[in-house]
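A.B. asks: Chains as they are written, first to last, in this note's numbering: chain A, 2 to 190; chain B, 2 to 190.
For the record, the hints were derived by calculation from the structure and aren't laboratory data. None of these values were measured; they are calculated from a predicted model. One thing to keep in mind: the hints can contain errors.
In this list, chains with the same sequence are indistinguishable; a pair is considered to hold if it fits within one copy or across any two.
Stated by the list, open to error - With a straight-line cut-off of 25 Å between C-alpha atoms, the simulated SDA-like cross-links for lysine to any residue are:
no., residue 1, residue 2
1, 181, 28
2, 65, 130
3, 188, 105
4, 65, 91
5, 65, 133
6, 3, 55
7, 3, 147
Protein chains: 2
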Amino acid sequence: MKQSLGARTLLVPTPVLMVGTYGPTGTPNLMNAAWGGICCSDPPCVTVSVRTSRHTYDNIVQRKAFTVGIANEATVVEADYVGIASGRDVDKFAAAGLTHVAGEHVDAPYAAEFPLVLECRLRHTLELGIHTQFIGEIVDVKADEAILGEDGLPDILKIRPLVYDTAHKGYHAVGQLVGKAFSAGKKLL
Amino acid sequence: MKQSLGARTLLVPTPVLMVGTYGPTGTPNLMNAAWGGICCSDPPCVTVSVRTSRHTYDNIVQRKAFTVGIANEATVVEADYVGIASGRDVDKFAAAGLTHVAGEHVDAPYAAEFPLVLECRLRHTLELGIHTQFIGEIVDVKADEAILGEDGLPDILKIRPLVYDTAHKGYHAVGQLVGKAFSAGKKLL
């Protein structure tokens with residue numbers, strides 16, 4: 002018998018997404034988002050939810066583009082800082098010592114320090130309540146060579162992405178492999 | 002200098018969501034979804050993306066409700082099985098030995114074996130391409146007492162949820178705490 006905890010946003014795991022945008026005068030900015038992820042395989046799309054009060058909200062509406070960087074163990078301090086400071090008050094890239102790179106395909110920047118980055122063009126905007134959901138089409142993925150496996154694809158144990166626990170506001174590491182998809186369940190077929 | 006990997010759905014981590022629905026004759030069904038997560042804090046909403054060809058697609062359209070169970074290390078075989086078999090061909094609950102429980106607030110079932118479950122009422126449907134995004138308002142969260150911390154909230158290290166690596170189709174464990182949110186970044190303020 003389960004206990005009822007009420008209507009709450011208790012889902013695990015969530016990612017730690019670094020949403021990169023340009024402000025009105027071209028200052029690069031980053032936001033820390035846990036509400037987001039892949040939402041379509043073809044065309045490849047990603048969603049990030051942003052409060053209307055955020056600097057990033059105006060930036061995405063204006064430029065119709067954003068990037069999504071994957072925060073990892075090596076960048077946990079920078080990733081958390083991005084979620085505390087506001088781009089209206091400070092140049093977060095400069096304050097955190099992050100290296101600004103202009104997107105190749107979209108009008109949005111990213112930080113070189115995040116090992117995996119998605120360049121996204123805004124496709125849909127959905128007002129849900131306190132958050133607005135922005136859906137971007139992924140036009141390119143960029144990766145550091147150091148995180149690629151022998152097959153040329155990103156290796157999660159090399160990326161070491163942060164796993165966010167919303168209930169206790171904790172950033173966790175990714176642990177060991179516990180099963181292979183499309184394989185572990187075959188014994189029940 | 003990063004390498005370009007093209008337009009692909011390479012984002013980590015993603016969750017392993019067990020989407021519970023009723024079929025046309027009332028047979029309970031489960032789908033394994035990695036494309037989904039929280040998308041609004043108030044009203045609390047969750048998104049799951051489903052291909053139109055899936056049994057779950059028709060079920061959500063018909064009943065306008067679904068549940069989201071969190072798959073964990075203890076249920077990795079069942080969770081993967083759910084992603085291999087189709088509810089059109091087999092009663093997945095029966096085949097996997099899962100215990101069917103009717104949702105308390107919505108017209109959808111869940112499996113008792115998943116330690117954390119969200120009951121959701123369909124709010125929005127967005128056709129994106131090969132996937133359709135369903136957004137549900139979370140009307141209740143149900144949790145096993147064994148996964149609750151001393152503060153009464155779910156403890157990620159007790160849940161032991163699966164972390165999915167889409168590039169290499171691997172289910173991973175959650176690792177140790179590497180930083181506290183709204184705290185680790187203060188040294189850069």
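A.B. asks: Does each hint hold? Answer for all of them.
C.D. replies: Status of each hint after checking the structure:
no., hint, in the structure
1, 181 - 28, "neither (43 Å within a copy, 28 Å between copies)"
2, 65 - 130, "both (20 Å within a copy, 19 Å between copies)"
3, 188 - 105, "neither (46 Å within a copy, 32 Å between copies)"
4, 65 - 91, "within (22 Å within a copy, 44 Å between copies)"
5, 65 - 133, "both (14 Å within a copy, 22 Å between copies)"
6, 3 - 55, "neither (37 Å within a copy, 29 Å between copies)"
7, 3 - 147, "between (44 Å within a copy, 10 Å between copies)"
The structure is inconsistent with the numbered hints 1, 3, 6, although it conforms to all the rest.
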